[in-house]
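Enquirer: Chains D and H are the protein sequences, given in the same order. My numbering puts the first residue of the first sequence at 1, with every later residue one more than the last. My numbering puts the first residue of the second sequence at 1, with every later residue one more than the last.
These aren't lab readings, by the way, just hints derived from the structure by calculation. Hints should not be assumed to be uniformly reliable.
[What the hints assert, rightly or not] When the alpha-carbon atoms are kept at most 27 angstroms apart in a straight line, the in silico DSS-like pairs for lysine-lysine are as follows: (1) H:K276 <-> H:K165; (2) H:K477 <-> D:K61; (3) D:K18 <-> H:K276; (4) H:K477 <-> D:K18; (5) D:K18 <-> H:K282; (6) D:K26 <-> H:K276; (7) D:K151 <-> H:K91; (8) H:K550 <-> D:K95.
Bear in mind the structure is a predicted one, so any value in this text is a computation, not a measurement.
Below are the chains, spelled out letter by letter.
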Amino acid sequence: MTGVEMDALLRGFGREQKDLTRILHKVQAEYGYIPAQAVQQIARHLNTTASEIYGVLTFYKAFRLQPGGKYLVTVCQGTSCHVRGGARVFEEMKKELGVEPGETTPDRLFSLDTVNCLGCCAIGPTVVVNGAYYSQVSEDGVRSIIAEYRKRK
Amino acid sequence: MKMLTHPTQLAAWKAQILEERPVFQKTVVVSNGTCGRARGSSRIIEALKRELDGRGLGETIKLEVTGCHGFCELEPNLVIYPGEIYYGRLKPEDIPAVIDKTLLKDKMIPSFVYEDPKSHRRYSQLKEIPFYRKQMRHLTQDNLRIDPDRIEDYILADGYQALAKALFDMTAEEVIREVDSAGLRGRGGAGFPTGKKWQFCRNESAERRYIICNADEGNPGTYMDRSILAANPHSVIEGMIIGAYAMGAAEGYIYVRMEAPQAVRQVTIARDQARKHGLLGKSILGSEFHFDIHIVEGAGAFVCGEETSLMSSIEGRRAVSRQRPPFPAQSGLWGYPTNINNVETWANVPLIISRGAEWYSQIGTPKSKGTKIFSLVGKVRNGGQVEVPMGIKLREVIYDIGGGIKDGKKFKAVQTGGPAGGFLPAEFLDLAIDYDNLVQAGSTMGSGGMIVLDETTCMVDLARHYMHFTQEESCGKCVPCRVGTRQMHDILVRITRGEGEEEDLARLKELSDSIMVASLCGLGQTAPNPVLSTLRHFRDEYIEHIRHKKCPAGVCPALVSRPGREAAPAVRKVKKTRP
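Bound-form chain D, shown alone (with noise of 0.2 angstroms):
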């Protein structure tokens, strides 16, 4: 990210504070994280500051200062996913990547994350993997799954 790109970016957006989520999503699709030095261009660009700024972004939890992994797995934690045996399907998910939630496997091919419902809770336990849906994934689907995106890579 360079700081030309970034004022390019800003060009397009308004410069009052209900315009600085629609800015983080932005930034956050174009580079996969929210880069210090973008926080900094967003607070001259509001005309705020830069702790404004990551006081807002560290309330959510779509923002990450931290590049994530090429795939993105996300396992649903949903109440109707954890009394189909979700719960067993995040610890295995734990198990088969090595990380915790918010953490990237050290190859950077993976990052685990959580969401609290996808809204597909008829047909759960379910794993999104960069937008793509998964549904009633058992223990041995969790390896199936991951093993066709290592196979990717």
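Keeping the supplied structure of chain D fixed, place chain H upon it in accordance with the hints.
Expert: Using the frame of chain D, we list chain H on its own:
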């Protein structure tokens, strides 16, 4: 039809669409909601396109892609018209047979037809299937004929006619009176009368007012709002425009949770189409009324479902709640009077205006009117979204529509109202569902989650699950909620590990009481409900965990015996005491 500048142009547009529409012999509808996609509906659509084009059938058979129409368990599915033939659980390789036999020769393929798991009867028509038969579909009735990408489909279903009626035949006060006498209550959970809420907002004198559609549907196990937005987004937009006219608002916001990407996409497309056709913006349908809608995508915070937090979030701040009063109707977004209603509430508005309060108020119970959409999920056979009249019995929803419990297991309880709600064991199965009955029974309607539990569900573990959720989602502003939910969670973790003490039950009750009384917003005030409810109905299970170090449902890992090993509680780490 480009810009609509007069209400009569709606009918003209509809006639034009009908006239220009190519005539097909058959229509195949494939639902492509979130569940459908997760189960491969996109591949079914591709296979259909490929086969129909390859055989030169593109002009005789129409492929219609719609949002979800409820029966998630049997996704991916398709419905063939005329005849309303329903085929479920399809694979792409099934498509050639569907075309050869059913579409071209009108022959059923028994293996794709729905078979009732109990009676083993087969039902080929959608409306005969018990899952659909017992429903009363008003909000979701058009889902099978609306491609959410096309405003024309909504126009064909008489869309925006209610708006025309409100704008040109009714005063703002009359609209509010109609909604009020229909008896519509807020579908977000609190059940506050919508007409009253609108009147409060209108009564405030201010230079501007805002309205908000709360689509931050965050209760786990609940997904009807995002389905409405993804399947029939214009119904919500139409409801909002009518509401804005009634309250005198020029700007509205739809706040959608980011975990519902399909809803965000569809409602944005719909909003842009409405703008293009003069249904949003300046001089709507040629009237003197101006109104526009902004769409705000959430960023992953459950507390945003609470109205004051949601408004902070729209303002671009940390989504922390604040003291009420002042209520949003007095001082909301940027300090201006603001009305917030839930997605399903807004979707009810066009229905009330077009068919009238008198018709609407005939549905339901004396104090809860209309239909309600529930997410029927968990250990139920036929999971999905069901729209039923208020007053229907829990048993009818779970057994007649839902087909009873999965895998021959026994019903244990149903959870309603999400993390703010409670559990209803078997003795409540004949309870008529409405706002007041559910509260009286110790739960709440919530936004419509209905999670069915069987004997393999551990109630202590589930209480822990909910406390884990609320302590994680607490915004942290007030101490009772931030610290209290954490304390309750830690106690529950101890109990599920076999490290609990009997005094813990009294501690849980005491903490619950303080959190409920002292928390700032709804999240904290209701957070202890799942714990209190399980303590009330399933105290024995807590005692088993504490006294006998056993998890009767066989869920809690530390208390489940594995073959060749006695059940043993995890050894508690001895804390080193400092000298």
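Enquirer: Starting from the hint list further up, note which numbers the structure goes against and sort them upward.
Expert: As far as the earlier hints go, not one is violated by this structure.
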